[in-house]
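Engineer: Here's the letter readout for the chains.
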Amino acid sequence: MEYIIQYKFQILFFLIFSFSLFIFSRNFKKIYRNISLGKGGVLSNNKKERWKRVLFIAFGQSKMFDKPVVAILHLVVYLGFVIINIELIEIVIDGLFGTHRVLSFLGGFYDFLIAFFEIFAFLVLVSVVIFLIRRNIIRIKRFVQSEMKGWPTLDGNLILIFEILLMVAFLTMNAADSILQINYPDKYIQAGSFPVSNFFIVPLLENLSTGSLIIIERFSWWFHIIGILCFLNYLAISKHLHILLAFPSTYYSKLDPKGQFSNMKSVTKEVKVMLDPSVDPFSQTSDVSPETFGAKDVRDLNWLQLLNAYSCTECGRCTSECPANITGKKLSPRKIMMDVRDRVEELGNVIDKNGKDFNDGKSLLNDYIKPEELWACTSCNACVEACPINIDPLSIIMDLRRYAVMEESSAPSELNSVFSNIENNGAPWPFPASDRLKWKENE
Amino acid sequence: MELEVKTMTEWVQEGRKPEILFWVGSAGSFDDRAKKITRSFVEILNIANVDFAVLGTEESASGDVAKRAGNEFLFQMQALMNIQLLNSYNIKRIVTTCPHDYNTIKNEYKSLGGVYEVFHHTEFLIQLINKNKLKLNKIYKDTIITYHDPCYLGRGNRIYNQPRALLNYVGFKINEMHRSKNKSFCCGAGGAQMFKEPEKGKQDININRTLEALKTLGFEDKKKINSTFQQKRKIIATGCPFCNTMLTDGVKNQNKESEVEVLDIVEIISKAKESF
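If you read the protein sequences in the order shown, they are chains A and B. Per this note's numbering, the very first residue in the first sequence carries number 1; after that it's consecutive. Per this note's numbering, the very first residue in the second sequence carries number 1; after that it's consecutive.
No lab work stands behind these hints: they were computed from the structure. We treat Cβ as the ideally placed atom computed from N, Cα and C, and that holds for glycine. Do not take every clue at face value.
Only some residues are given here: those of chain A computed to face chain B with a beta carbon under 10 Å [unchecked claim]:
hint, residue
1, Ile11
2, Lys39
3, Lys48
4, Val384
5, Glu385
6, Asp435
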């Protein structure tokens, strides 16, 4: 009993820490499972080129620099997040062993690190405030378009508010600690250098009693670590998941020219049978698998397309470049990605409840993505080009079109006439092949 | 001008082999506007003494439209038939004036057994110039020009420079649109849109793009629209028969067809060629 009282904070820390890691791993197993609902066939050739992409596009955020000012702010938040989380090592050790600033033996380097963290914390705060202003006061168009209504907008703001709270907690903890270090040199280790918190927060705390300072320091410490652990678990339901999944998404992104679309192997088999006069078509019928052509639901997509959906941070750069969207059509490539994630989450829950083969009667096509969106696409690749992490909404649109045409025969009627023209006279127009050389004659 | 064109069958009958196949494409064969582009390119091939063949009545749709419309069956039927034909003639090199056929034949025929060296006509024209087979005059003065990147040439296959180099070569300084190169804005024809009515919206895509082109040429700037502006030729250049149709329609929609020409690069080049 004595031990429990003596080590109560360490035990509490251990419980909170392991509980949140447990929840985190459970959430991520589920996301992994959901992504694995997709089909295979994702290419991973040319590893060198892929790692180069991870380095430049994911780590270096090169495609963000299309909008340089935002890119710098984003880079600051990202670096700040990564760098300040180095502090996590110390927090975890302190938490588990009841130490205080255990890494302070690093001496001058420790001072430098803490000062560095503080400066980054400050820069992150500034950037995040600018981001909040862009979303809520300037209301930049791509942040307020129709698919952003409700949860997506709240999600965007919550992430930013989370960041503010974490940074303020970190700086407040430092400020309180630095006063205690001066007032009680024998009890508090002299360690760290606090350029930002000394300037902004220390003046606010200076006249407080020692008891209050101790409470503020401890409260901020706990708030900071519990905040980080909450944030970690928040990722699973948030667009902020991109901080992890942007890397595999970029790694597996298409290396072929953007104009090149995949050839469906299942179709090649059948077409070859049809074209080869030596093959008896009836002898083959038993061989032909009852595979669906194209995608009706998320299970018909490949796992990279599902990974893309989980990696999308809903920045809307795709939609703001989409010619269909700009001219007022329903299509929004960002909505395509959000729909895929929503649907795969829903399907995941259905499977958890009712087993793997349960059919909930819903599908991505028609229930989430309407034909009107699908058929507005010009396949121009502007969305793919615009995505900072090479997400490919176009491949999903194409797979849905394939289903609509080959399984539902629901193409717009003009396209059905085009198909029969191509079948009958080898051109989208109703002209006979015998007229193919008529261009030679000068009119 | 009388064009000299031989089909693959004629080459075979003569027992000779052409150096390259010109894939005319369905638009280039049947669309009245695109036929002019086809003829301009053949004029240049003739002047540069290129031994080329066409497939003539044996040619069939590449399958691009079917594929982007989701009809993979029809695409692969077309692709496999075309590949069979091309391979039976042992064709290795292909040039085409259509970025869609360029993309399809170059990239999508590969895994179906059709491996060819494929050139867009702008790439091929540059080669002719570099080999001194084609000489061009700097004839264009008093002209304002902008260039529209076709999606399947630009973003689709990263060909941004060759068309621009050709325009520079004949003396143009290009007024670039705000959205150009990898940020180019689609004409509205791709993905089989050419053949259907657009979905409901507040504007047609080709109008949006045409307005940008007109603005780039100087039409919105009231101060610029004086007699010198009016005397200058105004050209929207492109390298795709579908973009050409969409932008021509856009220009007509804005009642500017008497002031602005929509021309393929090869049509511009063919006016600058020197006869040997």
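Engineer: Compare the structure with each hint and give your call.
Structural biologist: Hints versus structure:
1. Ile11: 57 Å, violated
2. Lys39: Violated, because the Cβ-Cβ distance from A:Lys39 to chain B comes to roughly 15 Å (cut-off 10 Å).
3. Lys48: 19 Å, violated
4. Val384: It holds, given that the least Cβ distance between A:Val384 and chain B is near 8 Å, below 10 Å.
5. Glu385: 5 Å, holds
6. Asp435: 7 Å, holds
The structure shown violates the earlier hints numbered 1, 2, 3.
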